[in-house]
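**Q** Note that the sequence shown covers residues 732 to 870 in the numbering used here.
Below, in silico cross-link-like pairs of lysine-lysine (BS3-like), each with a Cα-Cα straight-line distance of 25 Å or less:
#1 Lys824 x Lys751
#2 Lys824 x Lys766
#3 Lys766 x Lys817
#4 Lys824 x Lys777
#5 Lys751 x Lys777
#6 Lys777 x Lys766
#7 Lys751 x Lys817
#8 Lys751 x Lys766
#9 Lys777 x Lys817
Cβ-Cβ distance ranges computed for the label pairs, FRET-style:
#10 Ala869 x Asn805: 55 to 61 Å
#11 Leu811 x Leu866: 48 to 54 Å
#12 Ala772 x Asn805: 29 to 35 Å
#13 Gly821 x Ala786: 17 to 23 Å
#14 Gly795 x Trp756: 16 to 22 Å
#15 Trp756 x Ile868: 47 to 53 Å
#16 Thr835 x Val862: 20 to 26 Å
#17 Ser865 x Gln767: 42 to 48 Å
#18 Gly795 x Ala869: 55 to 61 Å
Simulated from the structure, these hints should not be mistaken for lab results. Even glycine gets a Cβ: it sits at the ideal position worked out from N, Cα and C.
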Amino acid sequence: MQVGGADTHRMDLSSIVMLKDNHIWATGSITNAVKQARTVAGFSIKIEVECQSEAEAMEAIDAGADIVMLDNFNPSELELAAASIKASLGAKKQVLIEASGGITEANAAEYMVPGIDIISFGSMTQSVPHVDFSLKIAH
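Based on the provided sequences and hints, a complete structural model is requested.
**A** Have a look at this one:
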């Protein structure tokens with residue numbers, strides 16, 4: 732994983748705040764979810780928001796998100812959205828853009844488009860065949 736540049740998304744729930752649709756629904760908006768998370772997490776913990784559209788990503792950024800996850804975009808939609816987001820931000824704010832949803836090891840190269848900082852896919856850690864080993868202790 733280190734050679735290819737892979738990293739774990741988070742070690743546990745305290746590593747990063749990841750706001751998904753249920754959090755947004757429960758608080759009423761992306762803005763409310765980010766603001767409430769920031770109050771609890773403080774300034775040193777990053778906040779990531781799962782977004783279904785460019786408009787949601789911009790709302791998350793305006794609310795103070797550090798990372799926006801563009802979820803279930805196809806590669807061409809992803810490239811357009813990332814370019815638009817980066818252009819609208821200019822140099823005024825550093826935000827990471829993550830691509831997620833439907834990405835596998837087989838199609839990951841298609842999602843390596845300009846403007847995307849992170850590509851995530853669960854197959855690296857989910858459903859990975861386990862190694863069957865045991866340790867025998869001699870008396």
